[in-house]
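Participant: Those protein sequences? They're chains A and B, same order as listed.
Here the first sequence is numbered in my numbering, starting from 29 and rising by one per residue.
Here the second sequence is numbered in my numbering, starting from 3 and rising by one per residue.
Do not take every clue at face value.
Claimed, not checked - In silico DSSO-like links for lysine-lysine, alpha-carbon gap of 27 Å or less:
#: 1; chain 1: B; residue 1: 426; chain 2: B; residue 2: 49
#: 2; chain 1: B; residue 1: 184; chain 2: A; residue 2: 162
#: 3; chain 1: A; residue 1: 162; chain 2: B; residue 2: 193
#: 4; chain 1: A; residue 1: 162; chain 2: B; residue 2: 49
#: 5; chain 1: B; residue 1: 386; chain 2: A; residue 2: 326
Claimed, not checked - Derived DEER-like restraints, expressed as beta-carbon distance ranges:
#: 6; chain 1: A; residue 1: 79; chain 2: B; residue 2: 376; range: 42 to 50 Å
#: 7; chain 1: A; residue 1: 333; chain 2: B; residue 2: 367; range: 58 to 66 Å
#: 8; chain 1: B; residue 1: 367; chain 2: A; residue 2: 291; range: 39 to 47 Å
#: 9; chain 1: B; residue 1: 376; chain 2: A; residue 2: 322; range: 32 to 40 Å
#: 10; chain 1: A; residue 1: 37; chain 2: B; residue 2: 211; range: 44 to 52 Å
#: 11; chain 1: B; residue 1: 559; chain 2: A; residue 2: 300; range: 47 to 55 Å
#: 12; chain 1: B; residue 1: 174; chain 2: A; residue 2: 49; range: 38 to 46 Å
#: 13; chain 1: A; residue 1: 49; chain 2: B; residue 2: 167; range: 28 to 36 Å
#: 14; chain 1: A; residue 1: 72; chain 2: B; residue 2: 282; range: 40 to 48 Å
Unchecked claim - Here chain B is said to cover these stretches of chain A; the calculated rule only asks that three of the stretch's residues, wherever they fall, bring their Cβ under 8 Å from a Cβ of chain B:
#: 15; region: 108-120
#: 16; region: 228-235
#: 17; region: 307-313
#: 18; region: 316-330
The hints are simulated quantities; they were obtained by calculation from the structure and are not laboratory data.
We treat Cβ as the ideally placed atom computed from N, Cα and C, and that holds for glycine.
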Amino acid sequence: METAAPNYFLIIGGVLFVMLNVAAALIWVERRMLALWQDRYGPNRAGPFGLLIVAADSIKLFFKQDWVPPFADKPVFVLAPAIVVISVLLSFVVIPFAPGIIVADLNIGLLFFLAMSSMGAYSIILGGWSSNNKYSLLGAMRGAAQMISYEVFMGLALMGVVLMAGSFNLREIVEAQRGLWFFIPQILGFIIFFIAGIAETHRLPFDIPEAESELIAGFHSEYSGMKFGMFFIGEYMGITLISCMLVTLYFGGWLGPDFLPPIVWFIIKVVAFLMIFILLRASMPRPRYDQLMEYGWKILLPLTLVNLMVTAAVLLWLES
Amino acid sequence: MENNSNTLLQLQARFGEDTFTQQTTRDEMLTLWLPMDKTIDVLTFLKKEVPEPFKLLFDLTAIDERTKNRGTNHIPKSTFTLVYHLFSFTRNEFIRLKVALQGDFPTAPSISSLWANANWYEREVYDMFGIRFSGHPHLSRILMPRTWVGHPLRKEHPARATEMGPFQLYDDKVDLEQAALKFNPEEWGLKRQSDDSDFMFLNIGPQHPGTHGVLRIILQLDGEDIVDAIPDIGFHHRGAEKMGERQSWHTYIPYTDRVDYLGGVMNNLAYLQGVEKLAGIEVPERVKYIRVMLCELFRIASHLVWYGTFAQDIGQLSPVFYMFTDREKIFDIIEGICGGRMHPNWFRIGGVAQDLPIGWENLVQSFIDYFPKRLKEYDAMVMKNSIFKARTVGIGIFTAEEAIEWGVTGPNLRACGMDWDFRKKRPYSGYELFDFEVPVASNGDCYDRAIVRVAEMRQSLRIVEQCLKNMPDGPFKSDHPLTTPPIKKNTMHDIETLITHFLGVSWGPVIPAGEAMSCIEATKGANGYYLTSDGNTSPYRVRIRTPSFPHMQMLPYISKGYTVADLLSILGAMDYVLADIDR
Chain A
29 METAAPNYFL IIGGVLFVML NVAAALIWVE RRMLALWQDR YGPNRAGPFG LLIVAADSIK
89 LFFKQDWVPP FADKPVFVLA PAIVVISVLL SFVVIPFAPG IIVADLNIGL LFFLAMSSMG
149 AYSIILGGWS SNNKYSLLGA MRGAAQMISY EVFMGLALMG VVLMAGSFNL REIVEAQRGL
209 WFFIPQILGF IIFFIAGIAE THRLPFDIPE AESELIAGFH SEYSGMKFGM FFIGEYMGIT
269 LISCMLVTLY FGGWLGPDFL PPIVWFIIKV VAFLMIFILL RASMPRPRYD QLMEYGWKIL
329 LPLTLVNLMV TAAVLLWLES
Chain B
3 MENNSNTLLQ LQARFGEDTF TQQTTRDEML TLWLPMDKTI DVLTFLKKEV PEPFKLLFDL
63 TAIDERTKNR GTNHIPKSTF TLVYHLFSFT RNEFIRLKVA LQGDFPTAPS ISSLWANANW
123 YEREVYDMFG IRFSGHPHLS RILMPRTWVG HPLRKEHPAR ATEMGPFQLY DDKVDLEQAA
183 LKFNPEEWGL KRQSDDSDFM FLNIGPQHPG THGVLRIILQ LDGEDIVDAI PDIGFHHRGA
243 EKMGERQSWH TYIPYTDRVD YLGGVMNNLA YLQGVEKLAG IEVPERVKYI RVMLCELFRI
303 ASHLVWYGTF AQDIGQLSPV FYMFTDREKI FDIIEGICGG RMHPNWFRIG GVAQDLPIGW
363 ENLVQSFIDY FPKRLKEYDA MVMKNSIFKA RTVGIGIFTA EEAIEWGVTG PNLRACGMDW
423 DFRKKRPYSG YELFDFEVPV ASNGDCYDRA IVRVAEMRQS LRIVEQCLKN MPDGPFKSDH
483 PLTTPPIKKN TMHDIETLIT HFLGVSWGPV IPAGEAMSCI EATKGANGYY LTSDGNTSPY
543 RVRIRTPSFP HMQMLPYISK GYTVADLLSI LGAMDYVLAD IDR
């Protein structure tokens, strides 16, 4: 961990502040962008361009009754939404936003990210289970199966990048892309990681644990107030995290022509991915749960393995 | 209209000449009274033995005859009458069979083993009239709450809330009602566990985003696989048939609008054709064209709602916004012509409310120019989407045979490869004048049902275009004394017309005694109004045969073995509205 001491708390505070606000702002961005793509206005009344909808939403969530259904398993019910926020926030620790702007420059950064994102599955399982509701239970079962399966090739897809960079350290991975961004040699890995990332954040088209038209919000049906808000914020931070990872691993992180500072490049790339996430939500239907699993195990997993082997073979051949 | 003599001869040859009493009706449908003990034999013969059989149980209902002004008709005396409407696709012919029942709470033999869709119809008759059916597997209330006292369509049952005393919901009553809604699997013959697993009973609805209305479905699940499903309907029941008995023939029109609430004026048409048959009114050419044009616009509007919500059920968020925008354009036209939007209540006995407004052509023309491009876009967005296909192809399959057994009509029937459209086969309201095709698909799965509806929108647009090009001149009301409101041009010169006009407007028209059924190809299938008049200002009995009722009845049969997610595809592809089921 080589971070200049005076900046340390500033960076932690900065990252925490920015991420929580980005998640909140995304509520507005998503609603406006969806509205744009769906030929309607979206929130446009509160404040300029409806920006204050974020404040209105937060106030509403904070002042709702903090209600736990009498049939729920109380401690677990309260714990579940905390897990999702904590695990996602912790993942941001290893993201190199720009040279010097990183909370913890771990040499196992990538593994840390994988470990933390696996934790997210607990929040779904525990939330769905403790709600003691049949819809939530179905959602939780789907969520658990989906996240655990997609975790497998999410990790394997990243190994291509690790092979090329020769490091698990995210800063070094970015540095290794000075010549060529990894999405060109690792195009297959990129696509698979992207798909797994959507599944991991359970966004449409992979929002099967929630499946509004079938399961009525699935695992978080019983949640309200700020506990629901945590799942809500957790989801937006999740897509921000996946976007950051995509940029870091495949699109050269903060790298870019000199006329803009590195952090700006990073933000531009992340925003582009966030838009893609929202556009996906606007355009895709939802596959069935078993189709998703089949797609994962029968198509994506073999492809990931092929990608890994080809990458390894090519690297060996280049070295020899 | 019908070539009935053949059927009658065949029946008489088999059961003897004295078995049947023929009744003449205004719709010239072969109407035969038969003794109760022969019911099953005759119906079995008609369904299975007669050449060119009557495969479809179109409708089954009853009439409370106790307060009817019988006139001099030579028909059997009864307290209640069961009415069976059968239809033969090969003969293109309806037959109406009536069974006279005696006593205050009679019992009749059940035909639920003969036709699958008789099950719900008999439950409905029991619910509404208190007529019991011996041999019915589960004779319980279907539309009314289980705690209801009395049978609403009996003549002694009050029709207005004011006749029943104020409604109060005491705590005891809350508990009672709650207990009545609790699902008890044993009562429906469902097991709680199989050899290797416990089943989960999942209560979907009555408030659920996927059911498009207050519909309750109880699923018996093994994991996520559906073992059985029990639809619980009636939450949207508003007593449309009972209301008919206290409204005048004229003032009942707005109620019909709200039966298939996406079909708008199409419901008016089904009802008014029955009334016009009873009254003997021929409507002018222009009226026919106006009616057809508005009906087809509503068909497109209804299909657009289905299209968008179906895509949304599958998880696609955006199409519903585009399609509702297009529907709004149709409503602009409807509003320009009728003033109303969803329930314009625009058709009248013998015509339409007003003539087309100046400039209607431009509205219609701009929609005709605009819409095909959008449809093409939707094809790319929805129909060609591979996830959409994966969710709908091969899901909820039924064959044409099964469809007819269960009383399925409309696009759902055509998706099984059955080329049957009442607009083509039994043209009404001048549909024979139009050039259009009947889209048919072959596999009978959810995707094919979608294909048929999408193609139907294009055909409807063709019909609208022909209406625009060929709209004839002439009156927008028939010159008939029973036309309501009547033509007024002579009222100030001629006391007779003045009095007729005054009576027709104040009391409402007196429609001659008789009975008639009309059947149209509505947005969701065959919609029929079976009207009985005893020569009064209001109908004696209004029976509304809606397509969604039998469709929903089929749900358990087609959803077994699929998953919860597939159930949403099946429900979406079925295209029902709750008011059309519950009335």
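Participant: Could you run down the list of hints and mark each one as holding or not?
Facilitator: Evaluated hints:
Straight-line distance between C-alpha atoms of residue 426(B) and residue 49(B) comes to about 24 Å, which keeps the hinted pair within the 27 Å bound. A distance of roughly 16 Å separates the Cα atoms of residue 184(B) and residue 162(A); the hinted pair therefore holds under the 27 Å criterion. A C-alpha spacing of about 18 Å is found between residue 162(A) and residue 193(B), which places the hinted pair at or below 27 Å, so the restraint holds. Note on residue 162(A) and residue 49(B): the hinted pairing is violated, with a Cα-Cα distance of about 44 Å set against a maximum of 27 Å.
Only pairs whose Cα atoms come within 27 Å are accepted, and residue 386(B) paired with residue 326(A) is accepted, the gap being roughly 23 Å. Here the CB-CB span from residue 79(A) to residue 376(B) is close to 33 Å, at odds with the stated 42 to 50 Å. Under the hint 58 to 66 Å, the C-beta atoms of residue 333(A) and residue 367(B), about 60 Å apart, fit the expected range. Between residue 367(B) and residue 291(A) the beta carbon distance is about 56 Å. The supplied range of 39 to 47 Å is therefore violated.
For the hinted restraint 32 to 40 Å between residue 376(B) and residue 322(A), the CB-CB distance of approximately 34 Å keeps it satisfied. The supplied range of 44 to 52 Å is met by residue 37(A) and residue 211(B), whose beta-carbon atoms lie about 46 Å from each other. The beta-carbon spacing between residue 559(B) and residue 300(A), approximately 49 Å, falls within the hinted interval of 47 to 55 Å. For the pair residue 174(B) and residue 49(A), the beta carbons lie near 53 Å from each other, so the given range of 38 to 46 Å is not met.
Between residue 49(A) and residue 167(B), the C-beta spacing of about 60 Å breaks the proposed range 28 to 36 Å. Take residue 72(A) and residue 282(B): their Cβ atoms lie about 58 Å apart, and the range 40 to 48 Å is violated. Counting residues of the region 108-120 of chain A whose CB falls under 8 Å from any CB of chain B gives 0; the rule of at least 3 is not met. Counting residues of the region 228-235 of chain A whose beta carbon lies closer than 8 Å to any beta carbon of chain B gives 3, which meets the minimum of three for the stated coverage.
For a cut-off of 8 Å, the count of residues in the region 307-313 of chain A with a CB near a CB of chain B stands at 5, and the three-residue condition holds. Interface restraint, the region 316-330 of chain A with chain B: holds (4 residues with C-beta to C-beta distance below 8 Å; minimum three).
Of the numbered hints listed earlier, those contradicted by the structure are 4, 6, 8, 12, 13, 14, 15.
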